[in-house]
Amino acid sequence: MTFDAPTIDYAGLSPIIALTAGLVVIVLAAVFDRVKRFGPGLALLTYAVTAGCLIWQWNADLDLVSGALRIDGLAVTLSLLAVIAAAVSVLLAIGDPSETQAGRSDWLALLTGSLLGMVILAQATSMLTFFVGLELLSIPLYALCGTNLRRRESLESGLKYLIVGSVGSATLLYGLAMIYGASGATGFQAIADGLQAGDGMLSDSLTLVGVGLVAVGLAFKVSIAPFHQWTPDVYQGAPTPVTAFMAVATKAAAFAVFIRFFLVALGPLADQWDVMLAALAALSIVVGNVGALAQTSLKRMLGYSGIAQAGYMLAGIVTATQAGVDALVFYLSAYVAMNVAAFAVVVIRERQTGFSDDISTLRGLGREKPLLAWPLTIAMLALAGLPPTAGFIGKLYLIEALIDDDWTWLAVMIAIGTMISLGYYLRVVAALWMSPAGEAEGDAAIDTASLPPQIAGAQADPFEDPGADRRWYLVAPALIAMAAALFFGVIPQPLVDFAQHAGDALSVWVP
Amino acid sequence: MLSSIIWTPLVFGLIGLLVPRRFTAWVAVLGAVITLGLSIGVLAGFDPDGGMQYVTDVSWIPGLGVDYSLGIDGVSIFLVMLTTVAWIPAICFSAMRSTERPALYYLMLLAGETSTLGAFLAQDLLLFVLFFDLMIVPFYFLFGVWGRDRGGEDDHAGSPGEGAVSVQSATLKMIVFTLIGSLLMLVGAIAAAVISADGGELTFSIQTIVARGLPEGSQNWIFWFFAAAFLVKMPAFPLHGWMPDSYRAAPLPALAVFSAVLSKVGAYGFLRVVLPMMPDASDLFQTTMLVLAIASIIYGSAMAFTKTDLRLVLGFSSVAQLGFITAGIFAFDSTGAEGAVLQMVNHGLVVVPAFLIVAMIAERTGSEELGPMGGLAKKAPVFAVIFLIVSMATLAIPASANFIGEFYILNGLFQVGAAWAIVASVGVALAAFYALRMYQLTMHNPLPEGSDSREISLRDALVLVPMVGIVVVLAFCPQLIIHGSEQAVDSSIAIVREVAK
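Respectively, the protein sequence lines represent chains A and B.
Under our numbering, think of the first position of the first sequence as 59, with each following residue one higher.
Under our numbering, think of the first position of the second sequence as 834, with each following residue one higher.
Bear in mind the hints are in silico, worked out from the structure with no lab data behind them.
Among these hints, one or two may not hold up.
Partial list, derived from the structure: chain A residues whose beta carbon lies under 8 angstroms from chain B [stated by the list, open to error]:
#, residue
1, Ile457
2, Thr466
3, Leu484
4, Gln551
If you want the ones that stay clear, here's a sample from chain A, every Cβ over 10 angstroms from chain B, calculated [stated by the list, open to error]:
#, residue
5, Lys94
6, Phe96
7, Glu211
8, Gln247
9, Ala255
10, Thr354
11, Thr476
12, Pro550
Non-contacting residues of chain A with respect to chain B, defined by C-beta distances greater than 12 angstroms in every case (computed) [stated by the list, open to error]:
#, residue
13, Thr229
14, Gly242
15, Gly258
16, Pro428
17, Ala541
Using N, Cα and C, we set each Cβ at its ideal position, and we do this for glycine too.
Using the sequences and the hints, build the whole thing.
This is the structure:
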């Protein structure tokens, strides 16, 4: 009897292998006190190696592990975005109370684990890897949200995210089960074949309910309305470096599988789900933008804005064309730059003011600390879609893809959403530049009465670091992200090529 | 060549960030002067019958079909000249006074010039939309950072005071209003390109889209998406809601160029984009547009006549003037459209000194309200004469270029229907009222206490006199512009005239 072991393509698997190895090293390093302080360095090294492997596999286009994973342009580009976001979070977390309280290496291990889930998710082409990747992404994140152990909001956000996230995962799993029932297959391509082969399966209610449940499950993950309620609370409560990671990297990975599952596995059903997704996108745009108008907390506002932005990006999937995917990836890349710039400034400002992210703490910053004010200003202008930033080109790209596929009404929705969004993005700009520096009334220091019961032996430490705006590892991400948002607004072609590399990977399945 | 005109101001603005503070203003002045020099160079080599000239066409975002394509014709050349001329007094005027955070101020002012020039020179529809959107960003900062809150309590007894205005809300209102229009225009522009390509190669080149043509049904909604952007920018009557507050809050030198040039981009857009690209829709909505234009004329004149804040008098008179220009364009007649082009230049040239004079009046009286003013002419004959010339030009006194412009426009309107021309001419009469009232109440009458009738200083005269000189010269030879723009205007309205027949 002979037994053929499956061939293992080590080159194609190299990003996952690098990340797993790095994860093991980071966990082991936690044991040794001497190497513990090199944690962030180890993590950054791991991410650099992973990014190197991804770039090495830039032109790869092959199935791995018997078709459970697939490394192609889509996987490579979106994994790269997630890796960049993770690296930025590591930098922003240096010295953050959440990182020190949770035990530095543990925090980094959780982050790396979540990133591993994202890289797997971006490559998933089977329902099994899809779900495993999604859970690997989510579970460390639940814990990360609660790592600011002495802030009630942080613990609350971790718990809330756990509950809502589990509901989302369960919904998704039900949906996957139904689609399995309808198609009799787990691989994405096999599902599409199974659905087409089955008699009347394309319009069978089992299939359609399954598709709906999967869409709902994924909508929870990328915070699409009306499944967004957790987003503002969790964004606000979680430690800001974690929020930044969640906002950017989770979207990249979840949209990767969103694209792949809907365009490949459910491609034959595109006429059934496009209207549903279009409705979700439109609702998200309205809910996110209107919700953000009333916020005074910067992180909450960015949470709502993230809902609206997810709506814009979802519109790229609605078209079910390569141009739509290109536009989505372009927008997502721009979104990474703008959000990193914004969150980096929020982190610095929080450290300077004892953890207040109220918009009033930004007043007069333009005059006093232009180096902080500019990245945030550019980020806001880019999110609002004004030229000359990548945000403008991103909107342009999306609208072009939508109109090209006869979704003009959705393009108009994007325009309307953008108008509403000016109301809150520009409020931040106005606070930065057009208000006198008034020490915020009711200064933001931590209200001791609201602290949770003290953990034995620990002191409540109102953390403050007035020199945070001089720490390179905080300022550099903000400045680099700002430069990227501007650069790709003026010379967008490199980023267009990047995005089209992702779209080309799907050329077999979509027009 | 055209690229250097566009980018020179921005480059000098950026240089201004690097040099010591006291030189910043002069770097900015130098940048504006060099830009003017370059544009004069273009004008010198310009052939009025040559169609589109100095064409630059490079691929910018090939993935999206967007080109960096520039060109200049008989309409844009004069608006480019207006822009480069108008920015100089605004910058010089600021340079002679101290400004907070000068480096940023001049950077924004010059970035505004760059984006405005870009809008006038762009021959790619998306590039035009991009510059159109970009214009508002520097002015948002200029108005917001260097503007000031206006409290209702400033007003003296007896004058119907305007409500208090905060800079923040005024600028927010301005940018939201403007961008509502221009975001719809972005959708409209992309739709125009995609629909006209009809599965073929996607391009945003204005000429190609015009040549390919758009189906009538699509024209109708795309027309309004564009019209919304342009009418807000002008501003035209029902969409002027942002204007009073932002005009009251804005810093005057920035407001001068804003009112003089940016409002013209809207009118220019009608001539360059809307009429050639959407001739059927333009014809269909001609009456609506004319009603809006006439309403702007009457409403603007009436408001200018009742307001006491000098900025608002000028602001509403702009509404009326832009109404005239729109009416001239939508007459679909070469005389009307040529008059409109002339009037765009005239109005821009008059408004810049007018707003700077308001700033000087405020320096002398401490107020911008007409009520308690007067007598400023007493010891300042030169200042008074300058203001008199500006006022006379505003009311389009015969022999001024404004008179020729309005005459041409009314002439064009007459071809559409005598009633239009007659109603519009009421605006001309009202203009005489508000312009004279403005002059009289500031310069004549006894000098109230606390005011200072002071002759214009030499340096301010250096700024104003050339501007006023250009106004006077243009009064003698308006045919320069009429003839220069004739061929370009004719080709702009040729298609719509064809349809209208």
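Let me make sure I understand: some of the numbered hints might not hold for this structure. Which ones are they, in numerical order? 11, 12 and 16
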